[in-house]
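What follows is the residue order along each chain.
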Amino acid sequence: MSIDYSLEPSIIEGKPGLASIDSTIAAPMETRPNKNFYMALSVTLTMLGIGAVCLGYSFYYGMGLWGNNNPVGWGFDIVNFVFWIGIGHAGTLISAILFLFRQKWRTGISRFAEGMTIFAVMTAGIFPLIHVGRPWLDGYLMPYPNQHGLWVNFTSPLVWDVFAVSTYFIVSAIFWYIGLIPDLATLRDRTVDKIRKTIYSIFSLGWRHSNRHWHHYEMSYIILAGFATPLVLSVHTIVSFDFAVSILPGWHSTIFPPYFVAGAVFSGFAMVQNALIFVRKIFNYEHIITLDTLEKMNKIMIATGSMVGYAYAMEFFIAWYSGSPLETFVFVNRAFGDYAWAYWIMVSCNVIFPQLFWFKKIRRSIPLMFVVGVFVNIGMWFERFVIVVTSLSRDFLPSSWAYYKPTLYDIGILIGSFGLFFSLLLIFTRTLPVVSIAEVKAVSDGAQPTHHAGGSHAE
Amino acid sequence: MSTQEFQVNYEKKGLPSTWLRNGLIFLVLGIGLSAAAYFIEPQRALINGVVAYMFVFGCGIASLFLIALEYIVGAVWSVPFRRISEFLAALLFIAPVLALPAFFNFHQVFHWSAPEAASDAILKAKAPYLNVSFFVIRFIGIFIISWLFYFFIIRNSRKQDVSREQFLTKRNITLSGAFIPVFAILISIMSLDWLMSLEPHWFSTIFCVYYFAGSLLAAIAALTFIVVSLNERGYLIKGLTEDHYYSLGGLMFAFTNFWAYIAFSQFLLIWYANLPEENFWFINRMNDTWSYISVGLIVLKFVMPYALLASQPSKMNPGRLKLAAFWILGAQYYDLFWLAIPNYYKTGPALHWTDFGFPLLAIGVIMTVFCIVARGKNLVPIGDPKLKRSMDFHL
Numbered sequence: 001m002s003i004d005y006s007l008e009p010s011i012i013e014g015k016p017g018l019a020s021i022d023s024t025i026a027a028p029m030e031t032r033p034n035k036n037f038y039m040a041l042s043v044t045l046t047m048l049g050i051g052a053v054c055l056g057y058s059f060y061y062g063m064g065l066w067g068n069n070n071p072v073g074w075g076f077d078i079v080n081f082v083f084w085i086g087i088g089h090a091g092t093l094i095s096a097i098l099f100l101f102r103q104k105w106r107t108g109i110s111r112f113a114e115g116m117t118i119f120a121v122m123t124a125g126i127f128p129l130i131h132v133g134r135p136w137l138d139g140y141l142m143p144y145p146n147q148h149g150l151w152v153n154f155t156s157p158l159v160w161d162v163f164a165v166s167t168y169f170i171v172s173a174i175f176w177y178i179g180l181i182p183d184l185a186t187l188r189d190r191t192v193d194k195i196r197k198t199i200y201s202i203f204s205l206g207w208r209h210s211n212r213h214w215h216h217y218e219m220s221y222i223i224l225a226g227f228a229t230p231l232v233l234s235v236h237t238i239v240s241f242d243f244a245v246s247i248l249p250g251w252h253s254t255i256f257p258p259y260f261v262a263g264a265v266f267s268g269f270a271m272v273q274n275a276l277i278f279v280r281k282i283f284n285y286e287h288i289i290t291l292d293t294l295e296k297m298n299k300i301m302i303a304t305g306s307m308v309g310y311a312y313a314m315e316f317f318i319a320w321y322s323g324s325p326l327e328t329f330v331f332v333n334r335a336f337g338d339y340a341w342a343y344w345i346m347v348s349c350n351v352i353f354p355q356l357f358w359f360k361k362i363r364r365s366i367p368l369m370f371v372v373g374v375f376v377n378i379g380m381w382f383e384r385f386v387i388v389v390t391s392l393s394r395d396f397l398p399s400s401w402a403y404y405k406p407t408l409y410d411i412g413i414l415i416g417s418f419g420l421f422f423s424l425l426l427i428f429t430r431t432l433p434v435v436s437i438a439e440v441k442a443v444s445d446g447a448q449p450t451h452h453a454g455g456s457h458a459e
Numbered sequence: 001m002s003t004q005e006f007q008v009n010y011e012k013k014g015l016p017s018t019w020l021r022n023g024l025i026f027l028v029l030g031i032g033l034s035a036a037a038y039f040i041e042p043q044r045a046l047i048n049g050v051v052a053y054m055f056v057f058g059c060g061i062a063s064l065f066l067i068a069l070e071y072i073v074g075a076v077w078s079v080p081f082r083r084i085s086e087f088l089a090a091l092l093f094i095a096p097v098l099a100l101p102a103f104f105n106f107h108q109v110f111h112w113s114a115p116e117a118a119s120d121a122i123l124k125a126k127a128p129y130l131n132v133s134f135f136v137i138r139f140i141g142i143f144i145i146s147w148l149f150y151f152f153i154i155r156n157s158r159k160q161d162v163s164r165e166q167f168l169t170k171r172n173i174t175l176s177g178a179f180i181p182v183f184a185i186l187i188s189i190m191s192l193d194w195l196m197s198l199e200p201h202w203f204s205t206i207f208c209v210y211y212f213a214g215s216l217l218a219a220i221a222a223l224t225f226i227v228v229s230l231n232e233r234g235y236l237i238k239g240l241t242e243d244h245y246y247s248l249g250g251l252m253f254a255f256t257n258f259w260a261y262i263a264f265s266q267f268l269l270i271w272y273a274n275l276p277e278e279n280f281w282f283i284n285r286m287n288d289t290w291s292y293i294s295v296g297l298i299v300l301k302f303v304m305p306y307a308l309l310a311s312q313p314s315k316m317n318p319g320r321l322k323l324a325a326f327w328i329l330g331a332q333y334y335d336l337f338w339l340a341i342p343n344y345y346k347t348g349p350a351l352h353w354t355d356f357g358f359p360l361l362a363i364g365v366i367m368t369v370f371c372i373v374a375r376g377k378n379l380v381p382i383g384d385p386k387l388k389r390s391m392d393f394h395l
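So the sequence lines, in the order shown, correspond to chains A and B.
Under our numbering, the residue at position 133 of the first sequence is numbered 133, and the numbers go up by one with no gaps.
Under our numbering, the residue at position 38 of the second sequence is numbered 38, and the numbers go up by one with no gaps.
Treat the hints as calculated values from the structure; they're not laboratory data.
These numbers come from a predicted model, not from an experiment.
Glycine included, each C-beta is placed from N, C-alpha and C at the ideal position.
Please note: incorrect hints may appear among the correct ones.
Claimed, not checked - Computed, partial: chain A to chain B, Cβ under 7 angstroms: (1) Thr229; (2) Leu248; (3) His252; (4) Thr254; (5) Met314; (6) Glu315; (7) Phe316; (8) Tyr321; (9) Gly323.
Please put together the full structure from these sequences, using the hints given.
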């Protein structure tokens, strides 16, 4: 199988007509879901219910139900928070950064990934709110003049998190919605149902596919992409500051910001890849979300996974090189101490397994890439576990060392977060187009002037 | 299809004759001034020599990285410019010569190797890594490995000018895949050995990424400057558009921001935690006249390039691109100077007249090597299968 480098590879396979693109993508919204959908939804809602019950108990009896103990004040709640924020990063990377880089293959997957961003940030947002222990006081996270004269601690990165995550959520949601407008108009024009037509009409803001509309649309889209790009970096940078501005060995490391961002993109891509494998199969999008696209995602995973591996190695080396006994101890303890099992799960899942993607056969095999994607997500969850728990459980005073063990309530809340995320995702696939109808048309063969032989531009 | 009909609109011409002449003038001037500096202020001249060396090495290895990046990500727009980066990557062959003075005065440059270091507990602990023989082995190893990659990748690329065979592209993609992880290790070791170990007690996990960011920025800036200058005079392939320029400008802009992000991360975390084992490095740079140089770094390396390249038309304007590229190259030199000199002159003087010969030397080396390597060669990879697509490139 040799590639002809002189030809531009097709992004959409099989030259589908414009009408067939419309009807393929709109099909899930125009048909009734089948039994499998309801079965999947009931599974995820059950998971969500488990989480809700555990959370309810935690609110009623207090945080003593959790595994957090004296040195390990940050347990599953913060681990899950960082994990879910990370999952969200792929969406903005695909929709904003790859857009600025003019990577046209992003069109098939951008809408879905953006949706995942929004749901992941929503899921993540729950954890700091419950982590404070008294969720009814969460309003004080927002600085506002109040009669108590109470203000947040502006020098704390935890407060920066509030601003970073909420900005990220708002910009992602607006970006997502702007992209949806032309598609909502298409759906409005297709539907005969009166109620749906009204809803679509309201949310498509009077879009008529006119030249002028497109002009404004593209302008606002690129501006939002420009806004969203620094946000991709800033959110996980600030999450990394939660750890790195402290003086705790294992947390205080200058490589944390780029390393966290790379890790976030890594896990986000793994999650998007896993979910897309099902979406493209179930909804017959295999010619739109092509194997080539999945292969490119796997390439991004090997790149970001290797960056994460570089950061592990650099941290380890500098811990020794620094000559600081505290630093050295923490890293040796990570690899060979009580939590060595977690450390080696992290290293093998994040650094070793993704290296399989160097082989084209594995990169293009659906079952194998799925398995590696799952491993990556396990590994990235354990990365946060290793960072949060190992450093805290062995702090400066050996008399206060303790082993952290999650309780059933911690695990239940984690299951609940997956339930929430996948329930939202399932509902999304049935209510909104998971692939951008308009953008797919623009990148199919023949849509661009250079696709015609001899097409030249005025330069 | 149209690949057969595609006529490469490129006419082979030698470089402008003034380039080599000017390069030689800079080189002679640089050698003269640095030699004078060595006799007047030997210690300072040696460290300045390290700065010039790291500048040239960074440009060279980051150019090779750019070539590998083009292959591995399948970039199309950059194909007509790849040859320029290939010439710049040849700097890897001259770079070790610039490092020689430091080797001949090893203890003066690398204080960890001085006899007094034997009584320092921290340095004793670091001795398994920071010792002269391992240092030399690493240095030689880095160059041999990067020369091998240079040799194979560039040979395939040049062969393709005549043979036009696609398998050469495929082979280079494989080589690039192998090179990129190796590159990450090589540039990390080099920056740790030659910049971080100048202050042997200090450490920062992001430091190697910092040097990488600056070097890549310099390689892109050098590429942009040469491409725009040559294209203005018609030395490159006909039909390059504003979109090609825009992409070069966009890359410079993006990596200016990337550098600023890395620099800010390093500063903020060390400043905020304020641990005595690492904050002294920044305190040295915030004292006396060094504080002005430090503020100058923010202005010169971030604010100015940002302002020069922020707007869309500016990334397509040849004059603006040349100015920004030249500026960024100067800022990268300034940055390396700021990394190295304060370790030795903690209370100043921040600037000394003997410092100014070394940037001239670095520019002279780059120009001369570029002209000599480029002599008699195609300035555009005319046999690359992606060239036609590249000429059709539009944003």
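These are the hints, each one checked on the structure:
For threonine 229(A), the suggested interface contact is broken, since its CB lies about 9 angstroms from the closest CB of chain B, more than 7 angstroms. For leucine 248(A), the interface hint is violated, since its Cβ never comes within 7 angstroms of a Cβ in chain B; the closest pair sits about 9 angstroms apart. The closest approach between the C-beta of histidine 252(A) and any C-beta of chain B is roughly 5 angstroms, which is under the 7 angstroms cut-off, so the hint is satisfied. A hinted interface residue such as threonine 254(A) counts as satisfied when its beta carbon comes closer than 7 angstroms to some beta carbon of chain B; here the least separation is about 4 angstroms, so the hint holds.
Hint status for methionine 314(A): holds, given a least beta-carbon distance of 5 angstroms to chain B, under 7 angstroms. A hinted interface residue such as glutamate 315(A) counts as satisfied when its beta carbon comes closer than 7 angstroms to some beta carbon of chain B; here the least separation is about 6 angstroms, so the hint holds. Interface restraint check for phenylalanine 316(A): the shortest CB-CB distance to chain B comes to about 10 angstroms, outside 7 angstroms, so the restraint is violated. Proximity of tyrosine 321(A) to chain B holds as hinted, the smallest CB-CB distance being about 6 angstroms (cut-off 7 angstroms).
This hint holds: glycine 323(A) has a C-beta 4 angstroms from the nearest C-beta of chain B, less than the 7 angstroms allowed.
Checked against the numbered hints above, the structure breaks hints 1, 2 and 7 and satisfies the rest.
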